[in-house]
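K.L.:
So you can see what is in the structure, the chains are spelled out below.
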Amino acid sequence: MTAWTACADGVRRVAGSWNLVLLLWLITLLFSVPLGLAVRSDIERQLGSSLAAQAPISSATYDWLSEFGDQATGAATTVGPTIIGFGVVVDNLSAFLDWDVRPVIVGAMGIAYALLWLFLSGGLIDRFARNRVTRTHAFFQVSGGYFFRLLRLSAISTFIYAGIVLHAHHWLLDDTFDRLTDNLDTERTAFFIRVGLYAAFVLLLALVNIWFDYAKIRLIVEDRGSVIGALRAAARFVVRSGFGTFALYGLDAAIFGAMLIAYALVAPGAASTWLAFIVGQAYVAARIAVKLVFWASEIAWFQGRLAHAGYAAAPVAVWPDSAAAEAIGQSLGAGDTTPQSV
Amino acid sequence: MTRAAILSCLVIGVVLTIVVSGQNAAPPSAGTRGAANAATLPAPTGAVMPTRSPRNANYTIAARLDPSTRALTASETIVWRNITANPTRELQFHVYWNAWRNAKSTFLRERALLRTPFHDDEDFARVDIKKLIVHQRSSGQEAESLRSDRTAQMTFIAPDDGNQDDTTVMLVPLAEPAMPGDTVRIELDWTARVPKPFARTGYIGSFYFFAQWFPKLGVLEDTGWNCHQFHANTEFFSDFGVYDVKLTVPTRWRVGGTGVARAETENGDGTTTHSYYQEDVHDFAWTTSPTMIERTADFEPDQAVPPSSSGSRQGPVRIRLLLQPEHAPQADAHIEAARAALKYLSRWAGPYPYDQLTVIDPAYQSEADGMEYPTLITAGTPWLAASRVTINTPHEVVLHEAGHQFFYGIVASNEFEDAWMDEGITTYLAARALVQDHPRTYYEQRFFGNFVPWVFRDLEVSRDTYWNRLPGYRRTPETDLPSHPSFRYSVSGGRMVTYSKTALWLNTLERHLGWPTMERVLQTYFDRWQFKHPKPADFFAVANEVAGQDLMWFFDQVYRSSNAFDYAIDTLKSVKEGDVYRTDVIVSRNGGAVFPVDVTVTLENGETIKERWDGQDRWKHYTFTRSVRATSAVVDPDRVLLLDVDVTNNSKTIDGTAGRTAATKWSLKWLVWFQDSLLSWAFFV
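Chains A and Z supply the protein sequences, listed in that same order.
The numbering of the first sequence is the working numbering, which starts it at 1 and goes up by one.
The numbering of the second sequence is the working numbering, which starts it at 1001 and goes up by one.
With the rest of the complex left out, here is chain A (with noise of 0.2 angstroms):
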């Protein structure tokens, strides 16, 4: 399998798991609900009965939100120019590139987000492993099975990851760039030392963020029990398949890129409101299928590099652990129906 196969089949096992992204999407917009009655309600009540609600209701005008952001306090301080159109985007990615600070409730609700997210994941690897329709209870109790091994491996990971943020950001995009342009007179020049710096920043970000996919996709599809072996494991898959884990992640990357890059031309600007909504969160659903994306066509690339029949053993026929399978067991004299693992 090429990488470029493995992009290909990922793309495939997530376009027929589309009721997943759905409900993650679902699951989204119902996460960001509450925060957001809070924050239309601050504009509520800013605005009042003021004739100065007209402005904003037919178009965008400086003088309103520049006037509302003074006022705001708390997730309300985020409403301001950046939510137009794409510049959603611009602002959150250069938030990401440069770790500007973000009102407190904001970060909190980021990491419950990626608690929940870590909680489906399990089933979503599953899922896409098994490359066929799991049922909802399937999912779940998949997700809930493998929870508490994935919050051990993502404790490992956020160790690493706030690393990385708070002592390596840093040196790159603080010390080294003031370093390397100390003396420069020409922004240009700068403009360049900054992409070059970022680009190790994303680099250094995704190298780790493959090390732990593959390591949620052989805790999972393996059904480890130890995450260190997981991580293991893991870290021998990606320098033994070389060069190709490397290629299928720049594929995904720019099937992301391909994605910024239509919602750009079509993301409308101020003078809509359901417009505006729908598209935007069509392109919500986009980002969290492209993120499904990079697992399943990762999890397509283990499959068709290691886990394929030739060699793995077959797995040992388990009775099913359940009261009436027990009940039955015994009465045929069964023995020991204890159900035993792979």
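Because the hints were derived from the structure by calculation, they are not lab data.
Watch out, some of these pointers could steer you wrong.
Claimed, not checked - What the simulated footprint calls covered on chain A by chain Z, stretch by stretch (three residues with Cβ under 8 angstroms from a Cβ of chain Z suffice, anywhere in the stretch; the number is not a length): (1) 31–43; (2) 59–66; (3) 108–121; (4) 155–162; (5) 189–196; (6) 241–252; (7) 286–294.
As the structure is a computational prediction, the values presented were derived from the model and not from experiment.
No residue lacks a Cβ here, since even glycine has one placed at the ideal position from N, Cα and C.
Fit chain Z to the supplied structure of chain A, relying on the hints for placement.
P.N.:
Just chain Z, lined up with the frame of chain A:
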């Protein structure tokens, strides 16, 4: 640059193509001209005919820059005349660069309140005066009667804060008093260390900008010497004269300076001396770099504009632009803005009497951007600039700094004490000038380390609010009392008073009086005080005289008070009583400042009722009885009072559903932003 193009660059990465070419740009050949902007006027001379100013502080300077050691060596002759009614026993000089001699200066101590000052030795500067000889000549005498070496008598004083470590004001006692009319010739030899950029002066890479770089006399007034220490948030003040300056730099380094370049002499030792000359100015700044490119253009005045009240007309002006190579595509924007400044301000204030205006586009990280000097300004623009006129394109900064030629350069108020008189007036007029040629200007934000622009095509910014800097004023409207000396403003709040509040109250005054009257105020003020040093009372007197009314009630509110303005519609009720509707409107004054305002009530049948309130009391209750109910009430419907810090509360409607609809719309947009932000966190899962 389209959004998709910018995004493509970011996603795909264009790292490989341009880095080397940008860093290694060869020095341009001398005299690079843009064909579309070929200059056709006779060469400027720097002379001003007839003499416009007292010319009582004349400077002849010969300076040599050694880039390898960052050293400046100079000899300077100042010919100064006592034009006051009183004798003086001393001379006081500004030695501005001593503000960066160490971290104990007043300037750096004040700046430390905002941010950490530099600490590397290489970053600091100094001026060391090796020799100071004074020659005195009595009024009416041809020959100098007294020569004394005052080198050993130089001392430093701190008239503003008593900081003994501050050496930015030098006192030199005279052997004999200089009587009114006497002339004193001072010869100085001095050296200076060029710093990394500090307050718009210094070097970065091969770009040098020199501002406040030479020992300069303060201003002797009838009440004594006006010579303030260098503060973090003030600018400068000096007398008019003739500047004759020779600058020796490495050969093939381009030079730009106040006035006009009269000669270039190659010295045979790898250096070239550039001679600059200008009459009737009060400062000299200059720049040099091997990589700047040059464009020239002409400004031809509109002959239909009538002469000023003193009879002078605007003449043609040569515009000389020195540009960073990476900003070459923005040359036309700079020249267009310079022309606009000359066109509009010569009409609204008075003629620009010099024959050249030099516009410098400073280098990245030079901190020299956005500043004014007589006949020379620095602009400032980013490399990636939008094609539309936005808050970050060079148009406004060029207009603003060129506007300073009129208010600062010609009407030379004291920037230490009354900074609003040049900054505020210029901000107001630059905003007005900008929208004449560019009625639509856009909000822009910069991302990715401040390198990449994103223009919000749906967000226009207006002259009345944004360009008059309402957002800056609104956040801290009561920080400082404008009538206090500017050097005593708070370090963080001074700019708000100087720029924003002043521009807003000037624009408010314009709306109150009408533009024709306001224009006459400006023209009279300019005409009466050009080449002089006016004080606030002088401006207020002109305004009262031209407007034909006592406006001190207004100036007391905006200048002698730090109170904020905030009028609001507190209550709007329209209740049916029998066959009619009784409408109650309560208008309140939430801020401490007072301004007369209109109150308009609109009824269901389209009728409007207008009342005039003097705005004095804390609230005013209006009651109307009509056959139909009211739909809305507005205080200050024409937005005369631009200083109002909360405009949203200026109106109320009976139905009041618009707020809900607007809140829904903008919270839905915010939702997409928030979801996108959440998905960034999901990356780490």
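K.L.:
Determine for every hint whether it applies to the structure shown.
P.N.:
Results for each hint:
1. 31–43: holds (count 10)
2. 59–66: With 8 residues in contact (Cβ-Cβ under 8 angstroms with chain Z), the coverage given for the stretch 59–66 of chain A holds.
3. 108–121: This one holds; 8 residues, not fewer than the three required, reach chain Z with a Cβ under 8 angstroms.
4. 155–162: holds (count 3)
5. 189–196: holds (count 7)
6. 241–252: n = 0 at 8 angstroms, threshold three: violated.
7. 286–294: holds (count 3)
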